[in-house]
Amino acid sequence: MLMTLTSVSLKEYCLKKGDNNCEEVNLTVPFSLRPLPDSPSELIMANDFAPLPIKLVVRNDFESTMEIVSKDMKKLRTSFQPYGMYYFLWILLQLPTIGAYFGLDDLANKLTMVYSNVAGPKVPIKFNGQSSHKLFFYVPAVGKLAVGLSIISHGDVLKLGFSSDESYCDDPQELIDIFERNFKKYVVDFELASV
1 MLMTLTSVSL
11 KEYCLKKGDN
21 NCEEVNLTVP
31 FSLRPLPDSP
41 SELIMANDFA
51 PLPIKLVVRN
61 DFESTMEIVS
71 KDMKKLRTSF
81 QPYGMYYFLW
91 ILLQLPTIGA
101 YFGLDDLANK
111 LTMVYSNVAG
121 PKVPIKFNGQ
131 SSHKLFFYVP
141 AVGKLAVGLS
151 IISHGDVLKL
161 GFSSDESYCD
171 DPQELIDIFE
181 RNFKKYVVDF
191 ELASV
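In this note's numbering, the protein residues as written are 1 to 195.
Some hints could be false.
To be verified - With a straight-line cut-off of 25 Å between C-alpha atoms, the simulated DSS-like cross-links for lysine-lysine are:
| # | residue 1 | residue 2 |
| --- | --- | --- |
| 1 | Lys110 | Lys75 |
| 2 | Lys134 | Lys122 |
| 3 | Lys159 | Lys184 |
Stated by the list, open to error - Distance windows between CB atoms, simulated:
| # | residue 1 | residue 2 | range |
| --- | --- | --- | --- |
| 4 | Leu15 | Glu42 | 24 to 30 Å |
| 5 | Ser167 | Lys134 | 30 to 36 Å |
| 6 | Pro124 | Asp171 | 32 to 38 Å |
| 7 | Pro96 | Asn21 | 37 to 43 Å |
| 8 | Gly84 | Asn109 | 43 to 49 Å |
Hints listed in this document are in silico derivations from the structure and should not be mistaken for laboratory results.
Every residue gets a Cβ at the ideal spot worked out from N, C-alpha and C, and that includes glycine.
Produce the complete structure using the sequences and hints provided.
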């Protein structure tokens with residue numbers, strides 16, 4: 001749902017900026033290769049993920065976009081692409097530093113943004129007897145990839161982080177405002193209608 005929200009918000013932002021031709025964006029999303037734990041005690045803090053390059057359709061209509069995005073993500077979850085990308089990067093990082101740099105830079109130059117949507121814990125996680133109350137992160141930039149959008153939930157709070165080079169997005173607050181307005185319009189109203 002949040003990826004669809006991102007699509008609709010990006011379309012609205014592009015239209016406001018006079019870009020009527022934006023139909024898709026190339027982004028990379030982290031795809032976790034770890035199975036979901038059955039209990040908090042089985043949670044392992046590790047970075048077993050593959051950064052997957054995907055094309056996100058950018059549309060006005062929330063419902064039709066949700067169908068397209070859901071179909072695309074389901075296809076991705078059942079493919080070998082995450083494992084292929086994971087091992088491709090593992091091999092790339094075994095090269096001398098200069099080779100890895102050029103390989104990562106080439107990949108980053110084909111992308112528009114880094115996107116991460118993390119479903120955080122519904123109840124606070126305890127570390128050394130202390131409960132977590134807040135979580136937040138920014139997605140890292142690679143090469144000339146100058147736009148990042150991070151979304152994380154923790155309990156009943158959703159946090160949005162947006163970073164951008166001014167040459168790509170001269171008014172980040174405007175995009176954040178659009179996202180928040182659309183979140184209230186589509187997600188909150190959808191959840192209230194479902195109750």
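Hint check, failures only: 4, 8
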